[in-house]
Amino acid sequence: MSNNFIRAISVGEIAPGGMKAVELDGHEIVICNCGGTFYAIQRRCGHMNAPLEMGTLDGTYVTCGMHCAQFDVITGQALSGPVPADMGNEALPPRVAAMLQNVGMQMQHVRTESICTYETKVEGGWVHVAP
Amino acid sequence: MDTEARKKALHYFFDKLVGPLGFKFTPDVELKDFLLEQEVKLEAKHGVPFCPCQPIRNDRARDMKIVCPCIPYHREYFDALKRCWCGLFVHKDVTDPDSLPQLPPKEVGLE
Chain A
1 MSNNFIRAIS VGEIAPGGMK AVELDGHEIV ICNCGGTFYA IQRRCGHMNA
51 PLEMGTLDGT YVTCGMHCAQ FDVITGQALS GPVPADMGNE ALPPRVAAML
101 QNVGMQMQHV RTESICTYET KVEGGWVHVA P
Chain B
1001 MDTEARKKAL HYFFDKLVGP LGFKFTPDVE LKDFLLEQEV KLEAKHGVPF
1051 CPCQPIRNDR ARDMKIVCPC IPYHREYFDA LKRCWCGLFV HKDVTDPDSL
1101 PQLPPKEVGL E
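Listed in order, the protein sequences are those of chains A and B.
Here the first sequence stands for residues 1 to 131, numbered as in my numbering.
Here the second sequence stands for residues 1001 to 1111, numbered as in my numbering.
Bound conformation, chain A alone (with noise of 0.2 Å):
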């Protein structure tokens, strides 16, 4: 166990199921109430980087709201690569075409890494992570 637990968040601030970035100790964290159970993940996707609390938490996953990639916030565990983007059936302009193909060929090696956890405790109506 971590002793060095920095006083976050009121109890009431995220209601069941919501998530809210917050900065720590230098740290970019996001903590999630996952049913009036609070974790703390990285805020950073371990994808591209993007704000997880931007995306969706449902039970204890959340996705990521850029390329939907998936995570475990107890475990901080990819569990899903970014889903295909639907770009519908119609020719895109070249110029479109050939920048997505670009960042599409790019997107191909780009690894989805596992995210950090932090302990989390709730004390006195307020939720307290150590970073």
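These aren't lab readings, by the way, just hints derived from the structure by calculation.
Take these hints with a grain of salt, some might be off.
List of simulated lysine-lysine pairs, DSSO-like, C-alpha gap at most 30 Å [as the list claims (entries may be wrong)]: (1) B:LYS1092 x B:LYS1032; (2) B:LYS1106 x B:LYS1024; (3) B:LYS1016 x A:LYS20; (4) B:LYS1041 x B:LYS1008; (5) B:LYS1007 x B:LYS1032; (6) B:LYS1041 x B:LYS1092; (7) B:LYS1008 x B:LYS1065; (8) B:LYS1008 x A:LYS121; (9) A:LYS20 x B:LYS1008; (10) B:LYS1024 x A:LYS20; (11) B:LYS1008 x B:LYS1045; (12) B:LYS1032 x B:LYS1106.
Interface residues of chain B toward chain A, partial, derived using beta-carbon atoms under 10 Å [as the list claims (entries may be wrong)]: (13) LYS1008; (14) PHE1013; (15) HIS1046; (16) ARG1060; (17) ARG1062.
Covered stretches of chain A (chain B as the covering partner; in silico rule of three or more C-beta atoms under 8 Å from a C-beta of chain B) [said to hold, decoys possible]: (18) 83 to 93; (19) 98 to 108.
Every value quoted in this text rests on a predicted model; they were computed, and no experiment measured them.
Glycine included, each C-beta is placed from N, C-alpha and C at the ideal position.
Using the hints, position chain B against chain A.
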């Protein structure tokens, strides 16, 4: 990506989707485990957890109809069989999935 962790996550999300449709996971634990593992592999390859027993045709409109759980796209047929194609999901009242007949659509009056 850890296969077991992903299987657990797919189980969690699928369970929420199929329940309101009147389906549940098959009580055959071994089959469930096997099929979920195949879906994890398909998802790792294609980015989408396709049905493990249907061919991928590289035709997006058709392929989207075999993304698990594909129950809404084949509802009539699955309701007649009381199970989906691969048997990952069965009607909520099914306790013995092996007793369910696997009939082609024509034999249940759908073609």
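Hint-by-hint comparison with the structure:
no., hint, in the structure
1, B:LYS1092 x B:LYS1032, "15 Å, holds"
2, B:LYS1106 x B:LYS1024, "25 Å, holds"
3, B:LYS1016 x A:LYS20, "25 Å, holds"
4, B:LYS1041 x B:LYS1008, "14 Å, holds"
5, B:LYS1007 x B:LYS1032, "10 Å, holds"
6, B:LYS1041 x B:LYS1092, "27 Å, holds"
7, B:LYS1008 x B:LYS1065, "23 Å, holds"
8, B:LYS1008 x A:LYS121, "26 Å, holds"
9, A:LYS20 x B:LYS1008, "25 Å, holds"
10, B:LYS1024 x A:LYS20, "34 Å, violated"
11, B:LYS1008 x B:LYS1045, "18 Å, holds"
12, B:LYS1032 x B:LYS1106, "27 Å, holds"
13, LYS1008, "8 Å, holds"
14, PHE1013, "7 Å, holds"
15, HIS1046, "8 Å, holds"
16, ARG1060, "7 Å, holds"
17, ARG1062, "12 Å, violated"
18, 83 to 93, "holds (count 4)"
19, 98 to 108, "violated (count 0)"
Consistency with the previously given hints fails for numbers 10, 17, 19, ordered from lowest to highest.
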